[in-house]
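Top line first, the protein sequences correspond to chains H and D. Taking my numbering, I'd label the letters of the first sequence as residues 1 to 625. Taking my numbering, I'd label the letters of the second sequence as residues 1001 to 1725.
These are calculated hints, taken from the structure and not from any lab test. Errors might be hidden in some of the hints.
[Unchecked claim] In silico DSSO-like pairs for lysine-lysine, Cα to Cα no more than 27 Å straight-line:
#, chain 1, residue 1, chain 2, residue 2
1, H, 603, D, 1355
2, H, 593, D, 1355
3, D, 1354, H, 67
4, D, 1321, H, 624
5, D, 1303, H, 615
6, H, 598, D, 1321
7, D, 1303, H, 603
8, H, 578, D, 1374
9, D, 1427, D, 1490
10, D, 1490, H, 593
11, D, 1279, H, 603
12, H, 578, D, 1366
13, D, 1321, H, 622
14, H, 603, D, 1380
15, D, 1380, H, 578
16, D, 1310, H, 603
17, D, 1354, H, 593
18, H, 51, D, 1354
19, D, 1632, H, 578
20, D, 1303, H, 610
21, D, 1366, H, 587
22, H, 587, D, 1355
23, H, 453, D, 1321
24, H, 179, D, 1279
25, D, 1354, H, 598
26, H, 120, D, 1380
27, D, 1354, H, 578
28, D, 1355, H, 598
29, D, 1279, H, 598
30, H, 615, D, 1321
[As the list claims (entries may be wrong)] With the C-beta cut set under 10 Å, the calculated list includes, among others, these residues of chain D facing chain H:
#, residue
31, 1269
32, 1272
33, 1280
34, 1293
35, 1348
36, 1578
37, 1582
38, 1634
Computed from a prediction, not measured in an experiment: that's the story for all the values here. The C-beta atom is built at its ideal place from N, Cα and C for all residues, glycine as well.
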Amino acid sequence: MGRLKQKGKAGAAKAYVTRTSAIKKLQCSLADFRRLCILKGIFPREPRHRKRANKGSSAPTSFYYAKDIAYLAHEPVLQKLREHKAFAKKLSRALGRGEWSSAKSLEDNKPVYRLDHIIKERYPTFVDAVRDIDDALCMIFLFASLPSSAKLSSDLVDNCARLAAEWQLYVIHTQALRKVFLSIKGVYYQAEICDQTVTWLVPYQFTQSIPSDVDVRVMLTFLELYQTLLGFVFFKLYTDAGLVYPPPLDDKKDESGAGVGAFVLQEAKRTTVSLPSTTVKTVENGGKRVSSKDVRQTIKTITAGSETNDVDMVDASQPNEAPSADAADEDFVLHPSASNPQEAASLPTFQSLSSLPHADSSRLLSPYTFWLSRETSRPIFEFLIRSFGGRIGWPATSGSGSPFDETDESITHVIIDRPVIERSEEKEEELERKRRRKYVQPQWVVDCINAGKILLEEPYVQGKILPPHLSPFEDRAGAYDPTAPLHTEDVGMDEEDADAEASEPESSEDEDGDGKAPEKAALAAAAAAEDVAALRAAELEAEAAGVDFGTFEKEARKARKKVKASEDAPTTEEDMNKMMMSNRQRKLYERMKYGERKRTAEKDRLQDRKRSIEKQHKKSSKAKA
Amino acid sequence: MESEDEDAGEEEGSDDGEVDEFPEIDTRSDSEEEEEEEVVAGSDEEEEEETDAEDEEDEEETDAESSSEEELRIFPKAKTIISKITGQPKRIYPEIEPDYDSDSSTEDTSNRVGNIPMHWYDDLPHVGYDINGKKVLRPARGDELDKFLETVDDPNSWTTAFDKKAQMDKPLTAEELDIIRRLQENENPDAAYDPYEPTVEWFTGKGKEEVMPLSAAPEPKRRWVPSKWEKQKVMKIVRAIRQGRIVPNKPKTASTKPQFYPIWNEGPSNQPAPLPAPKPRLPTHAESYNPPEEYVPTEEERKEWEATDKEDRERDFLPQKYSSLRHVPAYNHFIQERFSRQLDLYMAPRIQRKKLQIDPNSLIPKLPSPSSLKPFPTYKSLHVTHDKGRPRIVSVSTDGIWAASGDDSGVVNLWEVTVGKVVKSWKFDSKIGSVEWSPRIDVSFLVVGIEDHLHFLVPPFLAPNVLVATTSLLAPATLPPQPATPSPIKWKSSSSDTLDKPILTLTLPPSSGLPKQISWHRKGDYFATVSSTEGQSGVWIHQISRRHSQAPFKKIKGTVQLVLFHPTKPNFFVATQRYVRMYNLAEQKLLKTFQPGIRWISSMDIHPLGDHLIVGGYDRKLCWFDLEMSDKPYKVLRYHTRAIRSLHFHPTYPLFASSSDDGSIQIFHARVYNDLMTDPLIVPLKILRGHRVKDGLGVLAVRWVPRQPWLLSAGADGDVALWCS
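With these hints in hand, go ahead and build the complete structure from the sequences.
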């Protein structure tokens, strides 16, 4: 006889521990346990059978892996937390006794924990770390914008602001920004670093206050981890790009509100093989595993010297010197013709093919010079325009450090966000300037970046009603696409359908009585036509019978719709086959169908809404006319 | 006390000794001093008569010196005189008075018994002995009145106490009274005790140091030579401080900034990276500050969104449209959202789930098309109506020409399958429980089960030879011999020629109820009946040739619902409410118990090849069992929306049908393969609808027509229908 199995000695009962028992085992407080979990990235698990994991009890508890807790027990940070507890006791005792000097020496020797090992443990490779910095960046940008208070030391806020600026500088430097989205929550940015897409959300510049239902301790613990993580990640990114980390800060500029401009990027004194432009390229192409092709590529780009990218020109009204300035060096063009970039692009190379999705849009704005009007947000647009290669200036009210002033001749675009005010007394000079420059609303910049090309300024000109701003992140197949035009026939047809359906009964009766037999037959044939050939035959027939094309088309469409409807109706055969599905499969099937139905319902709802809105527009325009 | 004594002694001593004039006192030795004193004192003897005042004055003069001396003086002062005999000076102490300083000794207590318990003398006339050994007699004591009078007379009586040794009242002395008073006032009883007396430095202070060492060992060198090794250690620290290796008062931790270094330069550990947290959902068009107009919610949608709880909302924001970027306000849930994301990160359990990117339709099993599996019944060709009651049961003769249907009102209709016209109808006085044709070909009759009776009916229009065979079988001229054990069931043949009456009647034991089911053995000699009462009398197996009935089970667990003969083997299936048991009739033992997992079994049939069993239940399930395999169903189907009422395998075609209370009949193709490796193929073919649901009942019975792919069904709406292909 085998050994008797005891209950609770193996399986789920052993693999999981409840939170209470975990805390008991670690001999720490709940707050410390939470802090440890946050730092170590340990989260509760859902056992397959809760009852088995909880030794027969079905009380609601959260479970952790017993192994996770066992690892936590050896964590140096836990040791430090315990030391800190003792330290706090000693300190409070010293303070209570009024022993100030011993309190001071205690305070000086306060136990402090380091998170380096945790970073290395949680992110064994650099790519792991880059993949996970989304949340960290969001938090850093949020705390950089918070006012410091008793709970929130100014050091912390300063450090967050510094990290945020460092990140922006790096993105500008490597031109890694890909997508931007102005949402009601804030600005979403997406960059591509080490072939990982990093998305972060920056709140609009308003003073925020921490609401009372938010546990600041938890947020600060996260922030502690994120600061360390970002420090290491930035160190690696900067050094890989041949820059000095941390970038030196110009205090004078910082005090005058230069923002990102207060930092100076310093090249590390190393071999100069890695030009900044090459780094850009490698970062962009880092997606593929480094193959021999890539290596050859890199060599080629180095030999080619400085490298500039083509700007996708769609607007004919662009200044002519732009394409000539951006000769496509990377393409195998024997005679680089400045005037004809299309010809150059007709010889695709590996590089041009591989970078097709974001076709050379990283220097999209390089030919232009922007002036920010004072009501637009400088941090957002300075970051955007600089990371796409454009030059930007701003008035002194938005902070110092503008490279040029408003009267500069090179300014091509003014980003302005206020209604047009007619002013009669304007100097000739100003008028001239106005004529030369383009006054666009901020959305134009963002839409250009998302489209990967320079859009026409016309719809975005100051004072105009803007076209809708769409999310660049929505790319789910089959989702509702607001840009896709509604089938005009659909729009028209619906009305006609409604009319036709209302009048159908009597009309059919009428026609039965009338002598329009051949036409009727032809239409019936159209209705019955199943494939293209049959439809064509029916059309010919109808024509012969003297039915005009419009009527025929209508009939055919109606018929097609009917066929579709009948197809949509569940075929009995498939329905019957469903009864042979196993229970699990049937549930899965039902779930999938449910989701599908929900999505299509949402899509249909939006389409209907759009249709009705368009109809209203039409009506109102008609009424006006 | 001491000082008092001394004073007293001094007074005594001062009679004959003059206080010295020499202030010099060596504390080293008292005796020497006293000797000197004596010398001085001896010089002026005459001044003995000096007053106390003078004496005191002198003392005051030498106050500083004599204070310690007086303290130490215990004995009275001695006088030094010149001895008359020897001519040498000698010291003379004053004579000690015996009563000095002893209270008790002066008294005339003659009782010398000592400190013993005085009750030893309680019974004796004396109270002890005096110094001479004479008895001390107990003094006479007056009665209580005398005592009282004494106390009245004597004003000091309240300060007296009874002395046991003297057996009389003694007044308390002043000291004793003082002690009592002190005790009452919680003071130290000793009046002389001074709790605050100054400390006497006996061993410390100047001049009292210990001069002699405790040990005679020579003092070690290390006591006075500085240590070389200590010096080396100190020099090491000094050097370190000079070189700046040790920074004095360096704050160790407080100001250390995090140092960053290339942490990822050394290779990663072997441990796999923990799974990255799922990224938050990316924003959609609806989140834009300037979304397309169709995303902007209408007033109702806005209200609905605001009315729903925060947790139930599909999205956590309401789309808004702003005409320009400068109008966009701060998002007031920004921090909450960040916080909830963080809560998700560390408090929510995570499960890795594989995302299925499949077409849901690919989950539907691919089965052969029903059109390729023809023939099967598809339409209702005719129906026979029972006017009075709902037909419960229908049965088809072996040749497939005749059908009999019985209903609740006690009518059994006989009709031709292809015509659908009732040719004969029998009326019984109780409702029909079951109707079944005999499976034999050489004879033709049907058995009808009604309350407590089984009637054998012979249909009309039989061929003469068949009729003769049937009559001779059911009503033989010579009855077979009675079995050894008499059965409680009576077999009674009637020899009347009319077909209206049953040719044979079996009378079941009284109150055994309605025979719900009649199940024939393949050869047609045996048939089993199940009556609707519980217990032993429920199941009977009847043998026609021997005209004998027997109960196969003495006792059976559960209520028997159905019984069934195996088509090829001597096996017998018994279905109770939940289980189906298979018995071997020849060996009389239980072979297997099937567990369909149905709460209440309603119907059961076996495949004609005998390897597969289907069981239907009132809880809508249909279970397919492979008899060779497990006792759990091979397949469980649930497709009817109401209880399954009846199941039947076609005897020749690979078809089976099930009928349900939802009014539908489901036809399946059920192909069974001879090799054990191939699973049976079950294909749903057709749902036949046409019966109406009446009083919650749908189609009560289905039966296939032998040799044809046709189906007969008895519906609760009163119709018995024929479904043809």
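Against the structure, the hints:
Straight-line distance between C-alpha atoms of residue 603/H and residue 1355/D comes to about 22 Å, which keeps the hinted pair within the 27 Å bound. Proposed proximity of residue 593/H and residue 1355/D is supported: the alpha carbons are some 15 Å apart, at most 27 Å. Annotation: proposed proximity of residue 1354/D to residue 67/H holds, straight-line Cα distance about 24 Å (limit 27 Å). The straight-line distance between the Cα atoms of residue 1321/D and residue 624/H is roughly 25 Å, inside the 27 Å bound, and the hint therefore holds.
For the hint linking residue 1303/D to residue 615/H, the alpha-carbon distance of about 25 Å falls within 27 Å, and the restraint holds. Annotation: proposed proximity of residue 598/H to residue 1321/D holds, straight-line Cα distance about 25 Å (limit 27 Å). With a C-alpha separation of about 21 Å, the suggested pairing of residue 1303/D with residue 603/H holds against the 27 Å cut-off. This hinted pair checks out: residue 578/H and residue 1374/D have alpha carbons roughly 20 Å apart, not beyond 27 Å.
A hinted pair counts as satisfied when its Cα atoms are at most 27 Å apart, and residue 1427/D with residue 1490/D qualifies at roughly 22 Å. Between residue 1490/D and residue 593/H the CA atoms are separated by roughly 63 Å; this puts the pair beyond 27 Å, and the hint is violated. Our distance criterion of 27 Å between C-alpha atoms is met by residue 1279/D and residue 603/H, whose separation comes to about 25 Å. Restraint check: the Cα-Cα separation between residue 578/H and residue 1366/D comes to about 10 Å, which is no more than 27 Å; the hinted pair holds.
Taking the CA atoms of residue 1321/D and residue 622/H, the gap is near 25 Å; set against the 27 Å cutoff, the hint holds. For the given pair, residue 603/H sits about 44 Å from residue 1380/D by alpha-carbon distance, which is inconsistent with the 27 Å threshold. For the suggested pair residue 1380/D and residue 578/H, the alpha carbons sit about 25 Å apart, so the restraint of at most 27 Å is met. A distance of roughly 24 Å separates the Cα atoms of residue 1310/D and residue 603/H; the hinted pair therefore holds under the 27 Å criterion.
Taking the CA atoms of residue 1354/D and residue 593/H, the gap is near 18 Å; set against the 27 Å cutoff, the hint holds. About 25 Å separates the Cα atoms of residue 51/H and residue 1354/D, which keeps this hinted pair within 27 Å; it holds. Between residue 1632/D and residue 578/H the CA atoms are separated by roughly 22 Å; this keeps the pair inside 27 Å, and the hint holds. Between residue 1303/D and residue 610/H the alpha-carbon distance is near 21 Å, which keeps this suggested pair within the 27 Å criterion.
Taken as a hint, the residue 1366/D and residue 587/H pair is honoured in the structure, with Cα atoms around 18 Å apart against an allowance of 27 Å. Restraint check for residue 587/H and residue 1355/D: the C-alpha separation of about 15 Å stays at or below 27 Å, so the hint holds. As the CA atoms of residue 453/H and residue 1321/D are separated by approximately 25 Å, the hinted pair is consistent with the 27 Å bound. The hinted pair formed by residue 179/H and residue 1279/D meets the criterion: a straight-line CA distance of about 17 Å does not exceed 27 Å.
For the proposed pair residue 1354/D and residue 598/H, the alpha carbon gap of about 21 Å is at most 27 Å, so the pair holds. For the given pair, residue 120/H sits about 76 Å from residue 1380/D by alpha-carbon distance, which is inconsistent with the 27 Å threshold. Under the criterion of a C-alpha separation no larger than 27 Å, the hint pairing residue 1354/D with residue 578/H is consistent with the structure, at around 24 Å. At roughly 18 Å between alpha-carbon atoms, residue 1355/D and residue 598/H fall within 27 Å of each other, so this suggested pair holds.
A threshold of 27 Å between alpha carbons decides the hint, and for residue 1279/D with residue 598/H the separation of about 23 Å falls inside it, so the pair holds. At roughly 20 Å between alpha-carbon atoms, residue 615/H and residue 1321/D fall within 27 Å of each other, so this suggested pair holds. Here the hint on residue 1269/D is kept, as its CB sits about 6 Å from the closest CB of chain H, short of 10 Å. This hint holds: residue 1272/D has a C-beta 8 Å from the nearest C-beta of chain H, less than the 10 Å allowed.
Among the interface hints, the one on residue 1280/D holds; its C-beta lies about 8 Å from the nearest C-beta in chain H, closer than the 10 Å criterion. Interface restraint check for residue 1293/D: the shortest CB-CB distance to chain H comes to about 5 Å, inside 10 Å, so the restraint holds. Here the hint on residue 1348/D is kept, as its CB sits about 7 Å from the closest CB of chain H, short of 10 Å. Annotation: interface hint on residue 1578/D violated; nearest CB of chain H at approximately 20 Å, more than 10 Å.
At a threshold of 10 Å, the smallest CB-CB gap from residue 1582/D to chain H is about 26 Å, leaving the interface hint violated. For the restraint placing residue 1634/D at the interface with chain H, the shortest Cβ-Cβ distance is roughly 12 Å, beyond the 10 Å limit, so the hint is violated.
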